[in-house]
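Chains as they are written, first to last, in numbering that gives the first Met the number 0: chain A, 0 to 101; chain B, 0 to 101; chain C, 0 to 101; chain D, 0 to 101; chain E, 0 to 101; chain F, 0 to 101; chain G, 0 to 101.
Some hints could be false.
[As the list claims (entries may be wrong)] Mimicking DSSO-like on lysine-lysine, the simulated pairs with C-alpha atoms at most 27 Å apart in a straight line are:
#1 K18(D) / K81(D)
#2 K7(A) / K81(A)
#3 K7(C) / K7(E)
#4 K18(G) / K65(G)
#5 K65(G) / K81(G)
#6 K18(E) / K65(E)
#7 K74(F) / K9(G)
#8 K74(D) / K9(F)
#9 K18(B) / K81(B)
#10 K18(D) / K74(F)
#11 K18(B) / K7(B)
#12 K9(B) / K74(B)
#13 K81(F) / K65(D)
#14 K7(E) / K65(G)
#15 K81(F) / K18(D)
#16 K7(A) / K74(B)
#17 K7(B) / K74(B)
#18 K81(B) / K53(C)
#19 K74(G) / K81(E)
#20 K74(B) / K18(B)
Think of the hints as simulated: they come from the structure by calculation, not from any bench.
It should be emphasised that the depicted structure is a prediction, and the values quoted were computed from it without experimental measurement.
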Amino acid sequence: MSASTSVKVKPLGDRVLIKHIEEEEQVRGGIYIPDSAKEKPQEAEVIALGTGSKDAEGNAIGFNVKVGDRVLTSKYGGTEVKVDGQTYLLVREDDILGIIEA
Amino acid sequence: MSASTSVKVKPLGDRVLIKHIEEEEQVRGGIYIPDSAKEKPQEAEVIALGTGSKDAEGNAIGFNVKVGDRVLTSKYGGTEVKVDGQTYLLVREDDILGIIEA
Amino acid sequence: MSASTSVKVKPLGDRVLIKHIEEEEQVRGGIYIPDSAKEKPQEAEVIALGTGSKDAEGNAIGFNVKVGDRVLTSKYGGTEVKVDGQTYLLVREDDILGIIEA
Amino acid sequence: MSASTSVKVKPLGDRVLIKHIEEEEQVRGGIYIPDSAKEKPQEAEVIALGTGSKDAEGNAIGFNVKVGDRVLTSKYGGTEVKVDGQTYLLVREDDILGIIEA
Amino acid sequence: MSASTSVKVKPLGDRVLIKHIEEEEQVRGGIYIPDSAKEKPQEAEVIALGTGSKDAEGNAIGFNVKVGDRVLTSKYGGTEVKVDGQTYLLVREDDILGIIEA
Amino acid sequence: MSASTSVKVKPLGDRVLIKHIEEEEQVRGGIYIPDSAKEKPQEAEVIALGTGSKDAEGNAIGFNVKVGDRVLTSKYGGTEVKVDGQTYLLVREDDILGIIEA
Amino acid sequence: MSASTSVKVKPLGDRVLIKHIEEEEQVRGGIYIPDSAKEKPQEAEVIALGTGSKDAEGNAIGFNVKVGDRVLTSKYGGTEVKVDGQTYLLVREDDILGIIEA
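Whenever a hint applies, use it, and build me the whole structure from the sequences.
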């Protein structure tokens, strides 16, 4: 059920396009978000990396995530976009908290 | 229905002149903005790039978008200008979220 | 009706002295400011450039505008000064949104 | 009672995955948090280091903590995640106040 | 009526000591401050330059104004000092808007 | 009555572990804090230095205080920790105002 | 009536230890603070310089004031300390407005 084939949005700069993973899928993935947490991170799949950014020296800064990674992001932040009937999120890479390793 | 021929505004610095695309056109382009989203990005066409900016070393920073690109921008931010009866927006490039690829 | 001959104010740093262009003149120039816009940019003529600023390396940063340019600026910001009975505005160059090309 | 074997979250950037240590364990470890303190630090174990960050020169910045360290962190800040039924915290390394030495 | 001979305050860093010019004198100088302006700049004479500041490379940053210059400053900001019965102002050079050229 | 032997907390980064000195001891040390002062600094002893921080070039930044120094710190700021029944404070070195010389 | 002999506080970083000069002494020094000023600077004597700070390149930044200088400082800011029955102030050098030259 990958969504990465028909997507047509290239994020700008250090932004990343991610797709939220439904809760029933998250349970199977082994990650549980506790009910009492004030800020609940959300599980998502990285769909597309941005055009990248540069450091003060002008050197390109690489991404720490890659397309297909399962990541945890803050519930707040980012901008929703709908492509071909599915909802995605544009977030800055720094708003990604961690990668869920298989 | 390109608007790029008669435009006479050269954006300054890292600003970009864009033209908002009407919703009926957006539907045909395949991008749907969900109704429930708090911050809805808007589809727009890049009409003119700015004079550019420089990094701390004094080297020119190029633009990641080019004239004619279809982009997603935040609904808020930027300044409206009307040229020859049509409304444009002056935005900083960092306020462009992503490029819609054909 | 140029005002640039008798002006006696040299802006400091990255500031620019501009003169607001009356609305009847703006119409002839082909730029219309839409009524509904929350922030309306204003058309102005560049009268004098500042003494300039320097980057972190100590190199002079040039201006992107030149004396005589017609520019769009935000309605807010800058400081009014009156010289020889005419009103001018001292603004930072970064507050100039774009240049209106002839 | 180490939790580091089955964890599957790789923190991003300068973030660190830590596990809060229960109060009965803290007492045995010799660290007492005073009741009257307005901001109580919490004892935790470092479970996983992030992918790292870089300085302005592009050189990798190492971590001052290592997996297995007992650390003191502020009670506020960080994001809770639950993995395999246990609760962890994703915090930036700068939010770790000190290392408890054995 | 120059006040620059007996002054005994050396401004620190990028500060400049200026003396406000009375309104009757300003009129003769040809600069009128419009009544309706929300922020009225004030005409002043530069009495003493500061000890100077340095850029990130450690090189001295020169002043754009010199002793004796007539300048426009914001009405707000700076600190009043009274020396030998006359009132002066200590302002940062960046708070000087422009130099009035003779 | 030195507390530095049994302490087991290594501060992280530019933090310093200090121990507040009781008022009766401060009087003997010759430093009096005036009653009327809004912000009263507190006398403390430096117990342990942090792991250190680095400048933009990646060079280690040394500490200006050393273990055993008597210092003045702001009453506010820092985090209390209790080790072996005694209360300590974790503060950033920049929050130390001065060293009391013997 | 110099206070510089018995002082035992070494300011940290870019801080300076100063001693406020009583108003009767200020009058003799020729500096009058106007009554109407909203922010009144205060005359003080520099008693001790800090341990110094460094620029981004790691080079030591010197002080612009020296021990014994009469300076003007803002009335607000700094921290009072009492040593041997006299009240001093710890201020950052940037909060010193100017040096009163003899």
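**Asked** Going back to the hint list, which numbers does this structure go against?
**Response** Hints 3, 10, 18 are the ones this structure does not satisfy, whereas the remaining hints hold.
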